[in-house]
Amino acid sequence: MNQVMNTAMEESVLPGALYNLRLYVAGQTPKSITALANLKKICEEHLVGRYQIEVIDLLEHPQLAAGDQILAVPTLVRRLPEPLKRIIGNLSDMERVLVGLDLRPVAAP
Amino acid sequence: MSTTASIPAAETARPLAKAGTGVTGLDEVTLGGLPAGRPTLICGGPGCGKTLLATSFLVNGAVMFNEHGVFMSFEESSDDLIKNVSSLGYDLGALVARKKIAIDFVRVERSEIEESGEYDLEGLFVRLDYAIKSVGAKRVVLDTLEVLFAGLGDTQILRAEIRRLFAWLKERNVTAIITAERGEGALTRFGIEEYVSDCVMLLDNRVSNQITTRRLRVVKYRGSAHGTNEYPFLIDGQGVSVLPVTSAGLAHSASNEVISTGVPGLNQMLGVGGFFTGTSILVSGTAGTGKTSLAAHFVDAACGRGERCLYFAFEESPAQIVRNMRSIGLDLQPRVDSGLLRFEAARPSLFGLEMHLARMYREIENFAPAAVVLDPISALRGETGDVHSMLLRVVDLLKSRGITAFLTDLLSVEGMDKADAGMSSLMDTWLSLVQLESNGERNRGIYVLKSRGMNHSNQIREYQLTSQGVKLVDAYFGGGGVLTGSARIAQEMVDAAAAVRRAQDNERRQRDIQRKRAALERQIAELRAELESEEEEARKSLQHDEELEKRMQAEKRAMAIQRGGSVS
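Going down the list, the sequences are from chains X and Z. So for the first sequence, this note's numbering puts the first residue at 7; every next one is plus one. So for the second sequence, this note's numbering puts the first residue at 5; every next one is plus one.
Heads up, a few of these hints could be off.
As the list claims (entries may be wrong) - Heads up, incomplete: computed chain X residues facing chain Z, CB under 10 Å, no partners named:
id, residue
1, 23
2, 30
3, 31
4, 34
5, 40
6, 71
7, 75
8, 87
9, 89
10, 92
11, 95
Claimed, not checked - Not everything, but these chain Z residues come out facing chain X in the computed CB check (under 7 Å):
id, residue
12, 32
13, 108
14, 117
15, 119
16, 127
17, 212
18, 355
Stated by the list, open to error - Pairwise CB distance ranges (calculated):
id, chain 1, residue 1, chain 2, residue 2, range
19, Z, 372, X, 35, 36 to 46 Å
20, X, 69, Z, 95, 20 to 30 Å
21, Z, 172, X, 67, 15 to 25 Å
22, X, 35, Z, 404, 58 to 68 Å
23, Z, 175, X, 67, 19 to 29 Å
24, Z, 103, X, 67, 13 to 23 Å
FYI, nobody ran anything at the bench for these hints, they're computed from the structure. The model shown is predicted, which means the values in this text are computed figures rather than measured ones. All C-beta atoms in this analysis are idealised placements derived from N, C-alpha and C, irrespective of residue type, glycine included.
Whole structure, please, built from the sequences with the hints as guidance.
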């Protein structure tokens, strides 16, 4: 199941780079469903109009796991902007996700 | 009760299926290999050779047993791995290209991973499963799984997932090796040994007297007997080899076949005309007594019979030995060229005792010689007990294979008490070379200190290193014992002079007797002549008396006639 979600760019609203995100899951497990829901929520809140989410199910495309060095699932990979970032887990800890995606300074209040 | 008793033995004790490692010696220690279809844990400190041992398992599996493998590396990239094992003579790259082995490098970098919420390691399972399917693997190596503990924060999840991984591996029925770092007070740093219960091996790399020795021990092997000792193992250009040499066996057969010592005189000293094959021979002597020369003779004779000889030289290079032996008229080079003689030279300090032993073991396995020379064993450094145990194992190894062992031992000038320490009991034949010092010169003497199973000479024989080889000189005994060198020559001259004198004496005595005989005979002749003249005289006087008597008778008669009387 390759699910690509494109949202029209609204650079005037929130200036910044395009976020190319990939979410690796292994089947429709509660963890992966939660992760995708959390990711969408975060993107809508912080990256409106400048994100792409690609969901890759490793059970269907196991050959893709090695390329992006996937170990744990779910894994969120920020392919763009560089550098590559990885966040593992069901993304329930919003703060960690924001830090991981460089959407919030580490020393945020 | 009766039902349990009737279960056939084959079912109650079905032997565990094993996957051969193809590593020299390891299959002997484990009595066949690793438990097939189960995970095996190999733990050890850094630099112990865990990765290389695991790689050997995979490569040998692919090459020797046609069992394909997956190498999941958590530490080295596949390029690094291929490069590193090429030093062992493994062409991992070619095996990967031929789809016999798959390598997957799992990079775990904590700084690149942010954790948020629950996760599991299904990604790892997917990758492993994919790799296994891509080459049809029966063997899997995970090197080193514990890197995960450094890369991921949630140890609870990790432990649960590792437990699941081992169960998953068993379910896939792959023979797996999991490597782990040795921990303080535990087999592994993160205690993953509790998940692997089938087979655990411990590698060790100890430094003693600046020399490192690698050792391997099978800590446990569920469902199988196994060697319990620590076995030295070796990593070099020919791969990994474990040395399962123990001093256990005394079951070797004894041969009655006799082989020449290479020195005719020496053969005569030994009651059966040489050494028994498959025995151990020790030649001890101080510096310069010709131990190597005797060894060279022995080797030359063996090669002359078409037998293969392996010569371990610890003090001289092969070229040096060949050159030096030419000076006594022995050219070993043709023997080397023909492939019958092989030199293996290494300084004793190059490796530890165990490594030397392991190296010898492998060379002996590969070359399959009929005779082996160790020259000299005194060069092997270590605790006396260690050296002794090593030699014991060498001798046992050689005996169990019926290989004749020729060992030389350099004695310090002080004497032989050192060599005596335990060596004697190992040796079947002990030749002692001694320096006989007298009259301001040193001469070489050889005697048979012991030789099991044969009558042997008790003489100390002088021998010389001549341009035609080692020559035994006929023994010479004077008043003070055996005479050697110029003393012997002087004694020979003295004896020759005495012989001349004795001859002259004899001649004189002969003449004396003749003279005496002549004198006596003259006396006898004189006496006889005297006797004869006396007899003559006696006869003459008797004649005279008779005539006188006759004349008196005649006168009587004449007187009677004159008186006119009758003659009555």
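Do the hints match the structure? See the list:
1. Given hint, residue 23(X) at the interface with chain Z, is violated; its Cβ is 19 Å from that chain's nearest Cβ, farther than 10 Å.
2. Below 10 Å, beta-carbon pairs count as interface contacts, and residue 30(X) has one with chain Z at about 7 Å; its hint therefore holds.
3. With 10 Å as the threshold, the beta carbon of residue 31(X) comes within range of chain Z, its nearest partner Cβ sitting at about 9 Å, so the hint holds.
4. Checking residue 34(X) against chain Z by beta carbon gives a least distance of about 12 Å; that is not within 10 Å, so the hint is violated.
5. The restraint placing residue 40(X) at the interface with chain Z holds, with a minimum CB-CB distance near 8 Å, inside the 10 Å limit.
6. The criterion of a C-beta within 10 Å of any C-beta in chain Z is met by residue 71(X), whose closest approach is roughly 5 Å, and the hint holds.
7. About 5 Å separates the beta-carbon of residue 75(X) from the nearest beta-carbon of chain Z, less than 10 Å, and the hint is met.
8. For residue 87(X), the shortest C-beta to C-beta distance to chain Z is roughly 15 Å, which exceeds 10 Å, and the interface hint is violated.
9. Below 10 Å, beta-carbon pairs count as interface contacts, and residue 89(X) has one with chain Z at about 8 Å; its hint therefore holds.
10. Hint on residue 92(X) holds. Least Cβ distance to chain Z is approximately 5 Å, under the 10 Å limit.
11. Below 10 Å, beta-carbon pairs count as interface contacts, and residue 95(X) has one with chain Z at about 4 Å; its hint therefore holds.
12. About 37 Å separates the beta-carbon of residue 32(Z) from the nearest beta-carbon of chain X, more than 7 Å, and the hint is not met.
13. The interface hint given for residue 108(Z) holds, since its Cβ lies 6 Å from the closest Cβ of chain X, which is under the 7 Å cut-off.
14. Look at residue 117(Z): its Cβ gets to within about 5 Å of chain X, closer than 7 Å, so that hint holds up.
15. Given the 7 Å rule on beta carbons, the hint for residue 119(Z) holds: about 5 Å separates it from the nearest Cβ of chain X.
16. A least Cβ separation of about 4 Å between residue 127(Z) and chain X falls short of the 7 Å threshold, and the interface hint therefore holds.
17. The beta carbon of residue 212(Z) is not positioned within 7 Å of any beta carbon in chain X (closest approach about 41 Å), and the interface hint is therefore violated.
18. Using the Cβ-Cβ criterion of 7 Å, the hint placing residue 355(Z) at the interface with chain X is not satisfied: the shortest such distance is roughly 40 Å.
19. At roughly 60 Å, the beta carbons of residue 372(Z) and residue 35(X) sit outside the given window of 36 to 46 Å.
20. Separation of residue 69(X) from residue 95(Z) is about 25 Å and conforms to the stated range, judged on CB atoms against 20 to 30 Å.
21. Range check, residue 172(Z) to residue 67(X): about 20 Å between beta-carbon atoms, so the 15 to 25 Å window is met.
22. The hinted window of 58 to 68 Å between residue 35(X) and residue 404(Z) holds, with their beta carbons roughly 60 Å apart.
23. The beta-carbon spacing between residue 175(Z) and residue 67(X), approximately 23 Å, falls within the hinted interval of 19 to 29 Å.
24. Between residue 103(Z) and residue 67(X) the beta carbon distance is about 20 Å. The supplied range of 13 to 23 Å therefore holds.
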